[in-house]
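The sequence shown begins at 1 in UniProt numbering and counts up one residue at a time.
Hints may be right or wrong, so weigh each one.
Stated by the list, open to error - Straight-line distance between alpha carbons at most 27 Å, and here's what the computed DSS-like set of lysine-lysine pairs gives:
hint, residue 1, residue 2
1, Lys118, Lys211
2, Lys265, Lys247
3, Lys247, Lys341
4, Lys363, Lys425
5, Lys166, Lys330
6, Lys354, Lys330
7, Lys247, Lys211
8, Lys239, Lys330
9, Lys363, Lys423
10, Lys166, Lys363
11, Lys94, Lys84
12, Lys84, Lys118
FYI, nobody ran anything at the bench for these hints, they're computed from the structure.
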Amino acid sequence: MENAEHWEDVKVRSEALRRRVIAEEQAVERSPGKAVDRRAQDPIEDEETFDLFAPMEIDVALTARLAKKPTFPPDAEAAAELRKAAMARELAWKKYNAEYVESYEQMGSDSYAIGASKFRDNWNALWSRHYGPFEANTEICSMRFTDEPAPFGTSTSHTLQIFSAKVTGLRGGLTWPLDVFGMVAIRDTIDHRRNIVFDRERDNCQTLTKKDPYLVLTGPTRAVVLMDPVIIEVKLVVKGTVESEDKVLSYLAVEPDTSSTLYSKLLNMAYTSKLSTLEFTLAHIIFSVEATIFLRVIAGSWPDGFFGRFVASTASIDQDVVLLLHSGDKIFPCTDDGNVKLSRCVASVEVNGKLQVSVKARKVVNSGKGKYEVFMPEEANEDYVEEGGAHAPVTDSSVGIKVVFTPKEAYRSDDTLDLGFCKIKVTVVWSLISCNLA
1 MENAEHWEDV
11 KVRSEALRRR
21 VIAEEQAVER
31 SPGKAVDRRA
41 QDPIEDEETF
51 DLFAPMEIDV
61 ALTARLAKKP
71 TFPPDAEAAA
81 ELRKAAMARE
91 LAWKKYNAEY
101 VESYEQMGSD
111 SYAIGASKFR
121 DNWNALWSRH
131 YGPFEANTEI
141 CSMRFTDEPA
151 PFGTSTSHTL
161 QIFSAKVTGL
171 RGGLTWPLDV
181 FGMVAIRDTI
191 DHRRNIVFDR
201 ERDNCQTLTK
211 KDPYLVLTGP
221 TRAVVLMDPV
231 IIEVKLVVKG
241 TVESEDKVLS
251 YLAVEPDTSS
261 TLYSKLLNMA
271 YTSKLSTLEF
281 TLAHIIFSVE
291 ATIFLRVIAG
301 SWPDGFFGRF
311 VASTASIDQD
321 VVLLLHSGDK
331 IFPCTDDGNV
341 KLSRCVASVE
351 VNGKLQVSVK
361 ARKVVNSGKG
371 KYEVFMPEEA
381 NEDYVEEGGA
391 HAPVTDSSVG
401 IKVVFTPKEA
411 YRSDDTLDLG
421 FCKIKVTVVW
431 SLISCNLA
């Protein structure tokens with residue numbers, strides 16, 4: 001095939017040369033006095049000799065010379081336009097270079113910010129064609145296999161539980177309090193999308209103080225599977241007076257150290273960026289099932305002037321809790337039909353362990369011993385709401401009522417929290433956790 005194309009090329013060249021010779025001879029015959037020696041006007045160097053048997057691409061230089069037309073100096077207006085275009089290109093390049101340098105300097109020695117930027121690029125290259133845009137949230141919900149049978153081979157899983165996230169170690173001129181917005185998410189290998197843990201827009205900031213620097217978490221929306229690495233992704237911003245004065249508080253995409261373990265264990269991680277340190281309290285839960293928790297007031301009502309703090313914990317790691325709700329001094333979030341609006345509702349529990357759900361109720365303002373003194377222990381710190389806030393450690397003296405559940409692989413469990421002024425039904429929906437999308 002290649003030989004046929006080569007000989008076809010030779011034929012074309014031969015025919016072109018033959019026609020050129022004939023044309024020159026005819027020109028001489030018509031006007032001998034005006035005959036032009038083309039080779040004298042445009043001599044062909046030895047190295048540019050036309051070789052009939054050479055492939056076409058070898059004669060690029062010669063072809064360009066033969067096809068070249070005489071050029072003329074541009075007029076003044078055209079020259080000015082050329083200079084203007086050249087200056088515009090130079091200015092655009094300088095602007096791009098300056099912006100690049102500025103963004104790099106803003107990250108400075110913040111290796112986590114640089115890593116987060118690279119993670120985004122790598123994720124887009126690897127997964128965007130399969131799972132959509134980088135900002136997409138997981139579409140997999142909890143309770144997947146509560147009422148439906150799980151796929152063949154589905155069993156208990158190792159999972160990552162997030163208990164809390166707090167901001168410490170302010171630097172770069174930042175001082176308390178801080179109005180913070182942004183996002184915290186966890187990505188696992190089920191769908192590589194964001195499993196949102198914290199998410200606030202600029203017009204709905206959370207105010208962090210030195211006494212209560214904890215983020216109010218709202219997720220995850222499903223259990224986080226520890227099969228292959230998981231990524232904690234963070235972009236938190238401090239709100240300024242105007243948007244141009246906003247500052248990036250923490251920007252990172254990190255893989256927590258969740259090495260193999262034979263037992264569930266607590267994990268404390270700290271990531272120091274340019275302006276702050278972000279501390280996570282996590283847990284590696286082995287052979288776990290997913291528990292989705294619901295609360296409903298079934299008798300009585302929640303009294304005005306009381307705050308409620310509902311938490312969930314596992315028997316193996318009882319020193320930290322999943323904060324389900326902390327109403328603070330706000331109105332207790334309850335719908336007309338009694339359903340309590342929890343901040344978080346998903347927890348991971350060892351299948352051979354225990355799940356404990358507890359509530360503490362007490363007056364927001366200390367007005368003396370009242371009707372519900374039994375639920376407001378004297379030993380409890382009256383400044384509780386200010387010191388540590390919603391994430392203050394749970395002690396025996398601060399726990400009002402608790403119920404304990406034995407985990408299942410499916411279906412539901414129910415029990416009741418009897419607070420005296422009201423009864424709250426606790427429903428736990430159990431499910432296995434599949435490592436597959438289907």
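Going down the list of hints, with the structure as the test:
no. : hint             : in the structure
1   : Lys118 to Lys211 : violated (35 Å)
2   : Lys265 to Lys247 : violated (35 Å)
3   : Lys247 to Lys341 : violated (32 Å)
4   : Lys363 to Lys425 : holds (22 Å)
5   : Lys166 to Lys330 : holds (22 Å)
6   : Lys354 to Lys330 : violated (31 Å)
7   : Lys247 to Lys211 : holds (22 Å)
8   : Lys239 to Lys330 : holds (23 Å)
9   : Lys363 to Lys423 : holds (18 Å)
10  : Lys166 to Lys363 : holds (26 Å)
11  : Lys94 to Lys84   : holds (15 Å)
12  : Lys84 to Lys118  : violated (37 Å)
Going down the numbered hints, you'll see the structure goes against 1, 2, 3, 6, 12, while the others check out.
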